[in-house]
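S.K.: Combine the two chains into a complex, taking the hints into account.
Protein chains in written order, with our numbering: chain A, 1 to 488; chain B, 1001 to 1363.
Calculated from the structure, these hints are not laboratory results. All residues carry an ideal CB built from backbone N, CA and C; glycine is no exception. Mixed in with the good hints, there may be bad ones.
[Said to hold, decoys possible] Listed below are several chain A residues computed to face chain B (Cβ distance under 8 Å; list not exhaustive): (1) Asn-99; (2) His-166; (3) Ala-197; (4) Leu-198; (5) Ser-202; (6) Ala-245; (7) Ala-293; (8) Gly-379; (9) Phe-434; (10) Val-445; (11) Ala-448.
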Amino acid sequence: MSRLEKRQEFANQLRALVPQGQVLQSDEDLRPYESDGLTVFKASPLVVVLPATVAEVQAVLKWASKNSVPVVARGAGTGLSGGALPHEEGILLGLAKFNQILELNSEHGFARVQPGVRNLAISDAARPHGLYYAPDPSSQIACTIGGNVAENSGGVHCLKYGLTVHNVLAVTVVTIDGELVTIGAMGCDNAGYDLMALLTGSEGMLAVTVEVTVKLLPVPPVAKLVMAAFDSVESAGDAVGKVIAEGIIPAGLELMDSPAIKAAEAFAHCGYPTDAAAVLLCELDGTQAEVEAQIGRVSDVFNACAATQLHTAQTEEERLLLWKGRKSAFPAVGRLSPDYYCIDGTIPRRELSKVLSRMDELSKEFNLRIANVFHAGDGNLHPLILYDASVEGETERTEQLGSQILQLCVEVGGTVTGEHGVGVEKINEMCVQFDEATLQQFHSVKAAFDPVGLLNPGKVVPTLQRCAEFGALHVHHGQVPHPDIERF
Amino acid sequence: MTNDASNELLGSVREHVVNEQPMHIVGGNSKAFLGCKLSDVDDAATVSLNNHVGVVNYEPTELVFTARSGTLLSDVVQTLKQSGQQLPFEPPQLPGATLGGTLACGLSGPARPYGGAARDHTLGVRVINGKGELLRFGGEVMKNVAGYDVSRVQVGAYGTLGLLLEVSLKVLPLPETTLTLAFEQNEHDTTPMVQLARRFLPVTAAALIGRTRYIRLAGSDAGVQAAAKELGGERVVDNEPWQGLRDLNHEFFNDPRPTWRISCADYTPALTIPNDEDGQPAKVLYDWGGAQRWIKTSLASHALFEIAANANAHATRFSTAMNNEPSHQPISGVSARLQRELRTSFDPLRLFNRSRFHPELDS
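This is chain B alone, in the form it adopts within the complex (with noise of 0.2 Å):
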């Protein structure tokens, strides 16, 4: 399906800027158990980008790919399967998962630390801004220095800095071989990850999972089994866990308590977690080579908020319990200042997706 509704948008927004009325933006709805609602919007307009849908432009030699924000990422994601390309940010496929909504919010999967970020792939976007004024930042090519990088800016925004019509992202060739390799080894130490990481070898994804480190090796074949030769380990046959993390669906998730996500330098050493008011223990799981770190408890907020200041690390909360509390970690000082002026440059009304992101930086 293929529709270009930008105009309607455009003018859907107009109207809303007019009126001063805060807008929500949706696309598939499928992270609405991101950010927070502090601040009563309950008269918000939703701005749904579900009809805003289609490929604008796909040449695989060119490793370039544009589309409207409202495409279903699964579709995107067969789009390219089927020219041997793929996303390499691998972000989370959630059922109903828009492109637009998954750059929003920056989401990026297993192997963001070894291919990159959505930031890092992002080459384009058009957006309308606060103002109501269509814009468009960057382009379809790979090196272009024209303007200031406003496209990368816009990803993981959570939309607080324009409504995305339409994004570029580089894209590249699925590896020739992926296979998973699992080594035991003591709980809670990235060492050995951090180890690999300087390490030249096609390693595409580390995690630690209790007592099983997997290493996920990607590329040519030959490459990939000269890795494997070199690394031992033991084979997995399903090519675990890696869609379970990207998805947030493995079983480590099942834990009813709130997830939350810290974000750390990969060397950090294992974060010390107070017990839950009942007394149950804090579960710790390891990606990105250990600097994505997945924790189910029920502790307050400001209690992972201080954990994660505490290591130079920022966390956020990938649950809906809690949303009348930040879900994000707190910004202050000089850069809340820089932060809050950006924000004001591209939506000086505070129209778009009020509170959600850093209510911080909306008051």
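In isolation and in its complexed conformation, chain A is listed as follows (with noise of 0.2 Å):
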């Protein structure tokens, strides 16, 4: 059969499954399928089913199960290491049409919600009944929360409020061959394996999420920003280190470099001192006595760390602003030049310093800018390098250079990936951060849920063979869509 035939096949299939409407197959229809946020990895299935109920992926999944099909679930497409890249033997399952917040029960501080619902809109929902979701990935504007279960979301305040993972109480699913099944619970704790620690950050591997609940917390009432400028990234790194051991886990503690600071303040006007070698953004929420208390404290910090400047935001729209300049650092970044490329590596806090000198080193080695933009709190770095792939080698360099940031990375007893997943992009990275053994316990983990590997196949975990041949560390050159879409 050919593939246009395969198409026509499955199509017919599909539409006796779920309406006519629902099932795209037209190359017009298709491309905006093609690629997730990371665009330099395009494939197109080969149709596209938009269920709208939940029977209905339950049908679509038996059908693929029956038939070997493979099928890859999408959220809104914002993910940047391709997880939603369509496979292009199979189908492509969006679940936009569940975007309905089923229940939100502000009595009890939960939210049921289908998975195409956006992060943000659960908390605007949330927040006239004085309550919010806390994880905030920058993107929250666009991007799902069933992709943010996927892949484990975190956001600038995951240091002290935590990661999707602990802010989602239960997940329904549906198995490969459709069987519908609800993990974790409304206590906080469920019968047998933490099976619902698993499916988060599994990026679609094992099951296919149909609702979410997930907790409310209570808006914090007093919320300050401190911005604190330093002379060198080094002194702002220690004053990281030094807010942590006076006792004290802000909200969020950033860091930028100086040219990201200067892109960021071009774009937002948002006051950064341009002059600054690094400037820490640091947010403190709490009652107003406990954030009184603690502004104090870190403000001796960074005096005693040597700040150059030291100022708190003295109204609610200037933190907002100083937040602004900082989640929008990356397109502020990407117009000063026409190509960047992010990496999403965590580090021990206390190799910054080692890091960022190397990264210095290897900066001028190349021949090629980095800007930094870091969540200093927990260690996840994102270094933009800034090139032009128009100039002949230089999207090859700026490959070398981020693989031999992502080695460093490991190198310090980091990880390749903090917040954007393996997806397809760092599925080499895998081999050199996991042995063999370990690797194989992933399979094994898989196929448990799909034993025949039709969810989201040849994602997230390298095979043993693709390893051998890779042999060293090598990343793929990306670039961000949809730049006015906050990031990071």
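M.R.: Shown next, in the form of structure tokens:
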């Protein structure tokens, strides 16, 4: 059967399971689904299916299982590691129609939502009740809760409030054979193994999420932002360790280096000191009494670490403006250069100075500029390599530099991905971080849920053969589309 | 004391795997009262972690602590305290308890609903699986999404997904000030605790014992004092009952009948528990703001499982009595199938702690 015949055959069969208009097969209809936020990888699925009910998801997965057809689930497609890249021989299961908040229980502090609900929409709905959903990835205006569960998304406030895994109570999923099962509990734990932890961050490899119950937390009555400038990145890094040593866990603690500061200031006009080598943004939240006490202590620490400038946002507008600069740092840096490539490593915080100075050397060695924004509180580093893809050889140099940075992260005891996921992008680097036996165990875990390997095949865990062929680190070049969406 | 017995342990497990001999994994044996003994595993070998001890890595400013599984929990707590830090999940400090056993049993204390569970603070593990392979998952960093989150799944798995060799945990600063308030209220009514959870206050524990509701506040001194003023109530001088609830030696536990734990939504109404055969009523204590209920009763296991199931909850027996009956709420349906397959993927021969956790996953 030719590809076109196969496509027609699949579409016909799927139209018996879901309403006509929810099966897409023409080239122009498929194009928007060719890639996720990592557009360097593109593939066309045979068919896109847009189920609108749980029963339709079950029917489609049963069909896929019976016919051994690969299935890739997709939320808003804002992912940055190619996790929702379609499979050319499979179907793309778009969950955009699952966009309803099913229940918002302010009395008991939870919301039951469909997977296609946007992250920010949950907090928007909860806020009139004095509640919110804590994880706040910078793409929260667009990304969906289903995708957040798949990636175990964090955000600038996760040092204090945790990642998705800490804020989700239960998920209802459909297994590859079409069975519906709810994992997790409305209490603090469930009987048996903690499948909730396993499913969170599993990048669509184990099951398809059709409902998510999230915890809602009371909105902190007061939030204050302290901005501190330093004349070296090292002293800013030391200040981070000293805040923690003081026994203070800020709600957010972000570091930007000079190139990032200049770019963000030019973009957002938020009042960053452009002559500083590094800026720390430290947010403290809680009751009035707590926040006041902590601001004094944090300011003392920053002064002791030779902060060249110290400023507390005077109004809520100013606080939000200072955050806006940080959250738009990436598109801002993007204006300095025709192309940029984002790295997502995590390192033990104590290695920050070492990693930054090594990165500085690498930057000179490769003759490529690097700007850094850094979730300093939890060691998650986002170096941005600035390059021009139209200059011959520059893309390759960027790849090599990115690869060296990731190796550096693993070398100092960190990881190749802190929050963007492995997807297809970092699958080779998994060979560097994990040994064969551990990778094999990952495959066995996958097989426990999906014995034939039909859910998102070829992602997250490399085959041992692939690792053998790979042999050394390699990082693909990537670009972030939709620079208007705040990220990281 | 510090000693790395990884190689000996790996050798020992491999030998038992070759011989298909079941193994009991034992740390300090302080939690021998947990789990059941259903199948005939008398020929099981004991693999002891007592000799695999010591802190591997601890930098207070990193908020990360890594130690070998046989390390005494009391040593861990002491080491952290010297740097002004703590295990945020407040695990029971039973005499002789080890770090590995604490994580394997997934036990968290009164702080659980407010500060997170043992699994929430687990960042990485080294384990030996049931095929005799040494594996490493997660790491020593706060954010890590490389591969499936196997580290957290190991927590509370009773060693049935692998023998824990080493764990890395997120730790947090000790609070500047801690104080406990007491309030009189109606018995069995968790509503005031549920309402409190919707307010932004530095609450780190809430329990209802008889007619007294206890609320613990902890954090910066200014914040705690302000919250205490706002809440009112009577200040408890000795800061109890938290240590007794944490270590399961509060006077409530003196009742000689078996102890049961029911984990449910905090807003679940009072459960109806029939009297014992001799007419004695059950006793109930509410911890975790109502989400963890301790029960003293002589009822049969299946009766407790039924009560829990009807409340969308699950029950666990914390007692050696009746240990020829299941101790953990039986799992069924699709979830059981997935969990059985997961167990198979780590320990295909069911060699680790066979039948101790959920025997229905081992048959």
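S.K.: Identify every previously stated hint that the structure contradicts and give their numbers, smallest first.
M.R.: Hint 1 is the one this structure does not satisfy, whereas the remaining hints hold.
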